[in-house]
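Undergrad: With the hints as extra help, turn the sequences into a complete structure.
Protein chains in written order, with this note's numbering: chain A, 1 to 460; chain B, 1001 to 1229.
Derived from the structure by calculation, the hints contain no laboratory data.
Being a predicted model, the structure only gives us computed values, none of them experimental.
We put the CB at the ideal spot given by N, CA and C, even for glycine.
Just so you know, not all the hints are guaranteed correct.
Keeping only pairs whose Cα atoms sit at most 27 Å apart, straight-line, the calculated DSS-like set for lysine-lysine is [as the list claims (entries may be wrong)]: (1) A:Lys325 / B:Lys1184; (2) A:Lys262 / A:Lys280; (3) B:Lys1184 / A:Lys262; (4) B:Lys1184 / A:Lys280.
Stretch by stretch, here's where chain A covers chain B in the computed footprint (C-beta under 8 Å, at least three residues) [what the hints assert, rightly or not]: (5) 1001 to 1013; (6) 1096 to 1106; (7) 1163 to 1176.
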Amino acid sequence: MKFTLQSLFLKIFFWFWATALVTGIALVVTFIFGPGRVPMRWHSTLTDTARSSGMIVLEELERGGVPAASSYIERFEHDTHLRACLFELNGNPIAGEGCETFASMRFRAANSRSSQFRVQYGLVRVALILPGSGGHDYIFATELPAGPRAAFGMDAAAAALRFVVAFSVSGFICYLLTIYLTGPVLRLREAAQQLARGRLSARAATALERRGDELGALATDFNTMADRIEELVSRQRQLIFDISHELRSPLARLNVALDLAKGGKAGDLPFDHMESDLAKLNEMIGRLLTIAKLDTAPMQVEMGSVDVTEIVERIVNDAGFEAQKRDVTVRFTAQERHPVRGNAELLHSAIENVVRNAVRYTTVGTSVEISLKLEDKSRLLLAIRDYGKGVPENDLGRIFQPFHRVAEARDRESGGVGLGLAIADRVIRIHGGTIRAENVQPSGLKVHIEIPVAEPTSLI
Amino acid sequence: MDRVLIIDDDIELCELLAARMNGEGFEIEAVHEGNRGLERALSREHSLVVLDLMLPGMGGLDVLRRVREQSPIPVLVLTARGEDVDRILGLEIGADDYLPKPFNPRELIARIRAILRRTVRVTAGTNPLIVGDVRLDPASREARVQGRLISLTSVEFALLEMMLKRAGHIVTREELTEAVLGRKLGPFDRVIDVHVSNIRKKLGTNQEAERIKAIRGSGYLFVMRVEAK
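TA: Structure, rendered in structure tokens:
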């Protein structure tokens, strides 16, 4: 595994790290810079502590002047790491270092002539007025340790603020991270689903490919794979189309040559056989071309408003002759009519193929039942049921593939070329529908065709 | 003897067809390329053209378009099986009928005969048909709308003649197909409909109203203008 700067590994690593860091920093920042108030119940003890230190400083001042006071404060700072400062009432610092940090507290203490309390940098700061000897007042300001409770326990509002900050900062960053990671996966999944549904031109967006991380590489690989699949499938379809196309010219010549050789005579056995085989070849090639056409250019199919009931009625009528020969009755029940958006000729040939199959395979003397109904006002359900032997269970899915034969001998005898159901399958799929077969009890095959009904607005 | 021009790039097929059709009383001239085919089709030496739409070079549809610009000669097009778009386009451009390839030669001969029968029969002198402002003269093969001459192909002429003769009555699509094309109407046969739509376009409307009405499920009707009383 290569860890480039763009790699997902490093991205996730740094993002999580950054989340932890930023949350921590945000907490520290609110902790330090959010000045807090000091609870009243602490005031007296804090005042006492500050006052006792302050009195010592004052004593030192009065005993040895400014240098003595300064050296005491210096020692105090050295021992406790806490700052302290002594001011005159008018604000001039007398002893202590960095006294400007207490400036605002000192100012307020001088004005209000009362003690001031603040929490800052995790320490309590106190400023109070000390009466010196001779009626001269001073201001003493100092830091006092307050412990962790200064940060959390003292002020519910401050604590809540810190929780909110921690939640929102980490939540927001994790939200961005999740979007960043799952977004492309979802988009890739969508492309994969489209591809699986047979839209071979489906690809992952190029924006995805440009990401440069593992997900980007996955998208690139996916697109390469899709290219390859599309190429293979289209090459195979093109091959079928080309073969059928190329076979047409010799067939056309053969048709004429045979007719010429016959010289208009009928009843010549070898010629009659040749003629019927030629007709079968013509038909097969026509159907193969239809399949290839539907596979390679389904977009070119002309769509209009089609009445399926009318089509089935016509098919039932036309199938009558063949059905009579086998003593088969074809029954058709339909509810009210519903237009479907589609190509009438293709739908006719699709449904006709299924019905003719049923008439051909149902047991002599039985019937073929066709029913048409609308479900959920959105789908037309057409079911064609025969009373034949049915199809072996594991062949059910394959009967819609070209040239798939279930009962070879019987099929040949009955004159099928093994393309009817393959055409039906493609036609129904082009109409956005599905076709499937199931064995029914006690015997027989039932083919279900489902076609979405056109939106009323899309019909003109 | 009828002279038939075949424009198809399959040389052997043309030879076979020539041999087959000679026996049926046709004289065949075969051309294997579009430009030359167009030139010969416009020579007025033939009574019918069989045109393969899948020609290399100048495509069959182009040849047909150029022929129709100058001549009403009957044209039967050979289309690829399954190429519905070509078939419809060919008819819209002005082909008289079509046959998918590979075809049965007897079928081809039957269709050629049917088209020629129309053309030959109408030359026998009959009186002009006049319905409203449309005038059709079978003897001179002239069609006029409001005195303006319009050019119709032979099949269109035959169709219009039939509808005019029975103006005000429905003529079924079956009748039209059998009489004009000499064959039975197939389940999704739209040849007649394309021809009628071409005739409509050429006739134009009469005071915003279509002259030929489509009667759903049965056929067509040439509207007799009801004179205001």
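Undergrad: If you draw a straight line from the CA of lysine 262 of chain A to the CA of lysine 280 of chain A, is it 27 Å or shorter?
TA: holds, 18 Å
Undergrad: With a cut-off of 27 Å on the C-alpha distance, tell me whether lysine 325 of chain A and lysine 1184 of chain B pass.
TA: holds, 24 Å
Undergrad: Checking one constraint from the list: CA of lysine 1184 of chain B to CA of lysine 280 of chain A, max 27 Å. Satisfied?
TA: Distance ~22 Å between lysine 1184 of chain B and lysine 280 of chain A Cα, so the pair holds.
Undergrad: Taking 8 Å as the Cβ threshold, is the statement that the segment 1163 to 1176 of chain B is covered by chain A upheld or broken by the three-residue rule?
TA: With 0 residues close enough to chain A, the hint is violated.
Undergrad: Starting from lysine 1184 of chain B, check that the Cα of lysine 262 of chain A is at most 27 Å away, please.
TA: Within the cut-off at roughly 26 Å; holds.
Undergrad: Within the assertion that chain A covers the segment 1096 to 1106 of chain B, do at least three residues meet a Cβ-to-Cβ distance smaller than 8 Å?
TA: holds (count 7)
Undergrad: Within the segment 1001 to 1013 of chain B, is the number of residues with a Cβ closer than 8 Å to a Cβ of chain A three or more?
TA: holds (count 3)
When each numbered hint is compared with the structure, a violation occurs for hint 7 only.
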